[in-house]
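J.: Residues per chain, in single letters:
There are 6 protein chains.
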Amino acid sequence: MFTHQKAPQFDVKAHAPDPAFARRFQEVLGGKWGEMTVAMQYLYQGWNARLPGKYRDMLMAIGTEELGHVEMIVTAIDQLLDKAPPMAPDDTTGSTQSSEFGLQNPQHTIVNGGGAYPHDSNGIPWSGAYITASGNLMADFHLNVTAEMQGRLQVSRLFHMTDDPGMKDLIRFLITRDHMHQMQWLSAIEELKADGLDNVPVPEAFPLEEEFGEFARTFIQASDGEAATEGRWANGPAPDGGGDFRSALIQATGEARELAPGDPRLYGTNP
Amino acid sequence: MFTHQKAPQFDVKAHAPDPAFARRFQEVLGGKWGEMTVAMQYLYQGWNARLPGKYRDMLMAIGTEELGHVEMIVTAIDQLLDKAPPMAPDDTTGSTQSSEFGLQNPQHTIVNGGGAYPHDSNGIPWSGAYITASGNLMADFHLNVTAEMQGRLQVSRLFHMTDDPGMKDLIRFLITRDHMHQMQWLSAIEELKADGLDNVPVPEAFPLEEEFGEFARTFIQASDGEAATEGRWANGPAPDGGGDFRSALIQATGEARELAPGDPRLYGTNP
Amino acid sequence: MFTHQKAPQFDVKAHAPDPAFARRFQEVLGGKWGEMTVAMQYLYQGWNARLPGKYRDMLMAIGTEELGHVEMIVTAIDQLLDKAPPMAPDDTTGSTQSSEFGLQNPQHTIVNGGGAYPHDSNGIPWSGAYITASGNLMADFHLNVTAEMQGRLQVSRLFHMTDDPGMKDLIRFLITRDHMHQMQWLSAIEELKADGLDNVPVPEAFPLEEEFGEFARTFIQASDGEAATEGRWANGPAPDGGGDFRSALIQATGEARELAPGDPRLYGTNP
Amino acid sequence: MFTHQKAPQFDVKAHAPDPAFARRFQEVLGGKWGEMTVAMQYLYQGWNARLPGKYRDMLMAIGTEELGHVEMIVTAIDQLLDKAPPMAPDDTTGSTQSSEFGLQNPQHTIVNGGGAYPHDSNGIPWSGAYITASGNLMADFHLNVTAEMQGRLQVSRLFHMTDDPGMKDLIRFLITRDHMHQMQWLSAIEELKADGLDNVPVPEAFPLEEEFGEFARTFIQASDGEAATEGRWANGPAPDGGGDFRSALIQATGEARELAPGDPRLYGTNP
Amino acid sequence: MFTHQKAPQFDVKAHAPDPAFARRFQEVLGGKWGEMTVAMQYLYQGWNARLPGKYRDMLMAIGTEELGHVEMIVTAIDQLLDKAPPMAPDDTTGSTQSSEFGLQNPQHTIVNGGGAYPHDSNGIPWSGAYITASGNLMADFHLNVTAEMQGRLQVSRLFHMTDDPGMKDLIRFLITRDHMHQMQWLSAIEELKADGLDNVPVPEAFPLEEEFGEFARTFIQASDGEAATEGRWANGPAPDGGGDFRSALIQATGEARELAPGDPRLYGTNP
Amino acid sequence: MFTHQKAPQFDVKAHAPDPAFARRFQEVLGGKWGEMTVAMQYLYQGWNARLPGKYRDMLMAIGTEELGHVEMIVTAIDQLLDKAPPMAPDDTTGSTQSSEFGLQNPQHTIVNGGGAYPHDSNGIPWSGAYITASGNLMADFHLNVTAEMQGRLQVSRLFHMTDDPGMKDLIRFLITRDHMHQMQWLSAIEELKADGLDNVPVPEAFPLEEEFGEFARTFIQASDGEAATEGRWANGPAPDGGGDFRSALIQATGEARELAPGDPRLYGTNP
Ligand SMILES: [Ca+2]
Ligand SMILES: [Ca+2]
Ligand SMILES: [Ca+2]
Ligand SMILES: [Ca+2]
Ligand SMILES: [Ca+2]
Ligand SMILES: [Ca+2]
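Protein chains in written order, with my numbering: chain G, 153 to 423; chain U, 153 to 423; chain X, 153 to 423; chain Y, 153 to 423; chain L, 153 to 423; chain C, 153 to 423.
If you are wondering where the hints come from, they were derived from the structure by calculation, not from laboratory data.
All residues carry an ideal CB built from backbone N, CA and C; glycine is no exception.
Some hints could be false.
As the list claims (entries may be wrong) - Distance condition first, Cα-Cα at most 25 Å in a straight line; then the derived DSS-like pairs of lysine-lysine:
no. : chain 1 : residue 1 : chain 2 : residue 2
1   : L       : Lys345    : C       : Lys345
2   : L       : Lys345    : L       : Lys165
3   : G       : Lys158    : Y       : Lys165
4   : G       : Lys345    : U       : Lys345
Said to hold, decoys possible - Facing chain L, from chain G, some residues (calculated, C-beta under 10 Å):
no. : residue
5   : Lys165
6   : Arg304
7   : Ser308
8   : Arg309
9   : Met313
10  : Asp315
11  : Leu360
12  : Pro413
13  : Gly420
14  : Asn422
When you get a sec, could you build the whole thing from the sequences and use the hints?
T.: Structure below.
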């Protein structure tokens with residue numbers, strides 16, 4: 153159950169309208185790696201967690217914080233769309249063809265009347281497919297690490313696309329929290345290992361003896377870029393302690409099989 | 153540029169038709185974390201890499217290997233759909249209402265005539281949005297780690313949903329390669345650090361002095377699950393060496409702002 | 153069964169090319185609240201209606217009219233794309249970087265060769281998910297009311313984004329019909345009530361005694377915006393005649409439950 | 153800014169596993185008219201509201217309450233998936249072809265490991281396109297009315313698809329709140345009118361003199377269902393007080409226009 | 153402009169409910185190659201045609217006919233959902249877990265209340281991306297040929313999935329029209345050639361001297377399947393009369409290029 | 153199984169950055185008719201082919217070649233994004249509102265850091281729904297013909313949107329291969345007929361006596377465009393040799409049927 157208060161975690165104040173930046177800012181609101189994604193991903197992971205205690209509680213805490221980040225970016229976009237006439241002044245001909253139009257997301261005005269929405273910088277709607285809650289915390293925390301990395305990368309790029317001091321401050325706040333959250337997920341991964349809950353290879357519980365030894369620890373070279381075999385992933389002890397990495401050219405060990413003819417009532421092309 | 157040979161990296165042989173398992177197997181072919189995703193993700197990361205050498209070459213090698221995994225699962229699904237008439241025998245009334253129908257993906261027969269397609273286990277088409285190639289290898293290699301973890305998790309679950317020895321062997325092969333690939337990406341992350349190319353927080357190059365110290369290293373408690381503050385992410389030295397983690401209740405530091413009225417030509421509800 | 157005639161319900165004549173407006177006009181053709189949506193929504197509601205007579209007949213009439221509106225907007229967009237060279241003159245270098253390019257939908261030329269398509273103003277394809285035909289006319293007629301309101305709102309905004317007298321006339325026609333259609337659906341809602349076919353709460357037939365009295369007629373305050381409790385929805389008699397509205401702070405009446413451990417073969421993180 | 157507490161607004165307790173009902177229950181979680189939609193729709197409408205005060209505060213209150221409903225249904229689905237092995241017992245051949253498989257959403261196990269996700273009953277992901285926040289409260293409140301009607305309709309249908317007393321109680325709670333929320337939006341519509349903020353036709357501010365009188369107040373008959381002209385929408389005074397409804401057969405008033413030839417560099421088929 | 157009449161082009165009468173077949177029948181209503189697609193594709197091609205006369209008129213005629221096919225399949229699905237209780241009898245426990253549930257599309261009842269919708273047999277919504285109207289009639293008529301082939305193929309498969317004589321008759325009608333329409337498009341392709349409007353290679357107007365002779369008329373062998381070079385496409389005169397087909401192994405003629413480093417403000421991994 | 157080499161089939165070298173053209177070039181990479189589509193479509197058709205030999209081998213060869221075309225266009229887009237700062241110089245205010253921004257795909261920088269992705273020219277992700285592998289080679293080869301026609305049409309249009317000699321050469325190469333591939337599929341269609349594998353109407357194996365003679369070979373006029381009946385498709389011998397084409401006005405031969413009332417537990421509007 154949630155409660156809401158109107159004052160935000162950090163101040164949001166655009167100093168001037170900028171619909172072109174509003175369009176770009178949508179990416180970290182409703183894009184694949186935006187705030188909608190981390191909020192929903194952490195909440196669903198928390199709700200679905202079958203292990204009670206610190207991990208589940210932590211997921212609920214951060215998911216709830218991220219909901220507030222969604223709110224902050226919505227507010228910022230709304231301010232950037234303030235008083236930024238997207239339309240021809242009624243007494244001017246031809247202005248609908250001004251270059252300003254190209255900078256904007258047309259749905260910001262036609263559909264939303266000057267407001268943000270859960271879509272990305274090209275106007276593509278946010279999708280529930282962007283989030284994963286697999287039931288395995290080790291796998292999911294690695295996803296959460298990259299989510300915070302992709303997110304920090306995107307806001308770092310946006311930092312250079314605006315000169316508005318209020319927007320720059322908001323971005324600095326988001327960058328700071330993404331930094332913290334990267335460390336949080338990395339620490340949680342270590343804690344999962346320390347608590348004996350899982351390990352590489354994830355899932356650790358699947359019996360290793362079912363694996364095929366000849367395909368383990370071998371980097372397979374399927375391209376002609378020879379430098380690939382010089383990396384750490386092809387030389388020295390593998391991190392699971394089970395032996396040394398090696399490399400080999402890709403080779404076919406299976407048989408080229410022909411398919412059986414189809415049922416004639418499927419009207420496919422049969423022999 | 154690619155070349156193809158018909159014999160596969162590992163043998164693919166279903167011992168009996170099983171359209172119900174064929175439907176499920178689609179998840180690791182065309183689902184968010186399936187072979188289409190890792191093949192395309194690694195290839196796009198490789199093609200877009202602006203750093204020549206071992207990382208780029210490695211991405212091309214593994215992406216190309218994964219293309220072959222796509223082919224292997226397609227072949228497996230096709231075999232599972234062999235001679236498995238999804239239709240009523242023409243001389244039997246009522247059989248279209250048999251429970252068999254519920255087990256199948258209707259598009260396997262109606263659309264594909266007994267073949268696989270790049271869709272997931274519910275028939276939802278694979279999407280280009282499933283992949284990310286951000287230009288930052290550190291962020292992307294963390295995504296690749298979780299991709300191999302999610303993938304290995306899914307095939308481990310599928311391992312228990314079939315009794316076909318050929319399918320179990322194929323799954324064991326996939327599990328083995330996912331194990332190797334998890335180690336490969338983890339090693340590559342270490343190598344990126346060793347090569348001084350990036351580090352946590354990603355991207356390391358964004359100047360830390362732009363961050364707000366008061367929001368760094370603080371786990372923010374926004375839910376009433378008290379165990380959350382007991383984790384490693386809220387206590388002890390933060391992994392970036394910049395200080396200790398601490399925790400605090402979420403609080404509003406910003407101002408609740410009212411939006412300006414909209415342009416009257418937008419016909420929104422204004423004060 | 154349908155028949156078609158080439159002359160339109162209202163004249164369509166753009167006076168000059170305007171690819172920037174063509175891009176925007178797509179919103180009311182193939183956007184969520186565009187003519188494709190109302191045409192298909194009304195037709196599917198009519199086809200699925202299990203109550204013969206005036207409601208069903210009316211749905212078929214208006215759905216068919218809206219198909220003609222689809223045709224009219226397609227024609228308008230095609231005219232706006234006439235002779236509006238989207239490409240560099242072959243003898244001019246660098247012109248592909250002119251600001252004109254930003255104004256256009258690139259698919260209007262590359263994909264359609266100067267034609268409209270069932271996509272919105274950002275090029276996102278129309279989706280069958282935009283329409284609802286629930287089988288309950290009361291619920292659906294309320295959807296139809298808002299569809300005509302959202303539609304009229306959007307064309308009213310577009311009215312200010314063009315100076316072309318032909319396009320302004322077409323928009324005036326669309327605005328007029330949206331006005332009529334709002335009244336039509338509101339009248340049809342009243343008639344459904346008068347005919348005893350349904351009422352608030354929709355569906356009326358679900359037995360009220362199954363509801364929990366303590367949660368009925370209470371506005372629940374889950375945010376700190378205190379003005380919320382001053383509205384009509386929190387004071388005075390509720391419109392269903394069953395008692396007075398009241399307001400209360402949100403409170404937890406249920407138990408915080410822990411989930412059972414998962415099946416070990418799912419390899420989730422279990423206690 | 154949000155805070156979360158673990159105890160829910162209403163108790164959630166499934167008495168027995170039922171993966172078939174879990175699949176169906178997804179509809180009101182992540183479907184077009186599910187709790188994700190109303191939560192996000194009301195929050196975005198509130199965040200984007202340019203009119204401060206009771207309407208905005210009310211939107212934030214109800215949106216926040218709905219977030220808790222999302223949580224409740226997630227918990228319910230998770231419980232329904234408890235201990236409901238979707239997989240063959242390892243010692244039983246052929247059981248993967250049992251009819252049980254057809255009842256389930258395969259992603260509930262393969263992807264989520266026994267958890268809910270923001271997708272509908274066919275596994276289609278929730279989309280940001282499901283919500284609308286137009287900036288015009290009158291248009292949006294009518295959308296909100298139908299959302300609560302469609303929602304109540306769907307849970308009323310689900311009420312008959314389960315025998316689990318805990319699930320039936322949860323559904324009764326949801327039905328009760330949907331009843332309240334229908335009345336809430338209807339009251340808010342009346343209050344908007346009473347406050348002079350908008351009226352039919354929405355948007356009222358668009359000048360009526362721009363409309364074409366000959367197309368106003370006329371029900372246009374484009375189908376041969378004659379009963380259509382007997383309805384209230386074709387007879388008697390129109391609700392805007394501007395005159396009487398009438399009906400007329402559809403007729404072409406515009407000219408059938410030929411399009412100009414396309415630019416030859418588009419390689420279309422030209423005269 | 154369209155008009156509608158209630159009687160259909162061909163009779164639609166299901167003899168008994170069959171929700172399992174209703175689910176499958178959705179494929180040819182709202183699937184990629186269903187009636188929604190051909191109706192909309194032909195209408196958009198007609199509306200966008202910049203060549204007046206017989207081709208445009210023909211497109212409008214067939215598109216309008218196909219709209220009636222949409223209506224017929226909707227009616228058929230509705231009948232198949234008649235009196236087919238998808239829900240547990242209220243007095244029977246456990247029946248929600250009957251195998252019948254697996255056969256059905258849950259949205260047919262929960263969302264539509266016993267009605268069809270523009271979605272495919274897995275419930276995926278019809279998409280505007282399914283249709284193409286390129287402005288080039290030769291390219292589009294070839295698309296139309298395959299649309300009628302894919303469509304006839306699908307209904308031929310469906311023919312064997314039902315025993316209902318009414319449904320079999322309807323399918324026979326659809327198969328007959330698809331036969332006619334295949335011939336229609338093939339004849340129209342010949343007529344386009346005879347009228348000198350286009351030819352292979354499409355578009356013929358692009359100057360052939362811009363092509364690279366060394367890559368023309370060569371079948372390129374990139375796989376080890378040797379039979380590929382035995383086909384007509386690798387031997388004998390090419391159909392454009394410009395020379396003989398030949399075959400060659402794929403070979404690299406370009407340079408393996410390294411990309412330039414990225415802008416440092418993009419924070420990618422640079423040399 | 154695949155192998156990769158870094159040198160491409162044809163050289164790729166952009167002479168200067170051009171992010172506006174990079175945005176447009178995405179259409180033939182990740183659009184509906186782009187290289188992703190043909191590569192995947194031919195590979196899936198080959199993998200699923202149940203007829204071994206020349207057709208299957210040919211599909212694998214061309215699908216593999218097309219994978220290399222994907223790589224080439226990715227490289228080209230990456231070069232076009234080189235050194236083309238999409239961001240304000242840090243020392244210049246206001247430049248984020250320059251018209252340059254409108255020309256670009258914002259995700260090229262914010263998401264990809266200067267790289268291509270499998271999306272179209274409006275940023276919509278490539279979809280597995282773009283491809284079809286029906287199991288019937290005759291139907292699919294006709295799809296392949298139009299794919300190469302639509303593709304050649306699009307690159308011919310793009311040819312006029314750039315002045316970069318390297319890009320023009322690449323486009324000339326693509327146009328040449330599309331020309332060859334059109335001829336390849338047309339020849340393969342003839343070969344399928346010559347080999348007796350299928351014929352018009354596709355699928356030929358469905359018994360013709362199941363068709364309704366009165367609906368065969370009749371062009372049905374459902375629009376008032378009279379020229380439609382002058383075409384070859386309405387006059388003279390039909391290509392299947394079964395009789396002459398004729399034309400007739402559309403007419404209703406079926407009965408206008410009323411639907412049965414729905415189950416009361418669906419709460420629809422019933423008589
Ligand atoms: Ca955040
Ligand atoms: Ca793999
Ligand atoms: Ca309309
Ligand atoms: Ca609710
Ligand atoms: Ca048809
Ligand atoms: Ca190609």
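J.: Could you run down the list of hints and mark each one as holding or not?
T.: Here is what the structure says about each hint:
no.: 1; hint: Lys345/L x Lys345/C; result: holds (22 Å)
no.: 2; hint: Lys345/L x Lys165/L; result: violated (42 Å)
no.: 3; hint: Lys158/G x Lys165/Y; result: violated (33 Å)
no.: 4; hint: Lys345/G x Lys345/U; result: holds (22 Å)
no.: 5; hint: Lys165; result: violated (24 Å)
no.: 6; hint: Arg304; result: holds (9 Å)
no.: 7; hint: Ser308; result: holds (5 Å)
no.: 8; hint: Arg309; result: holds (6 Å)
no.: 9; hint: Met313; result: holds (9 Å)
no.: 10; hint: Asp315; result: violated (14 Å)
no.: 11; hint: Leu360; result: violated (33 Å)
no.: 12; hint: Pro413; result: violated (16 Å)
no.: 13; hint: Gly420; result: holds (9 Å)
no.: 14; hint: Asn422; result: violated (14 Å)
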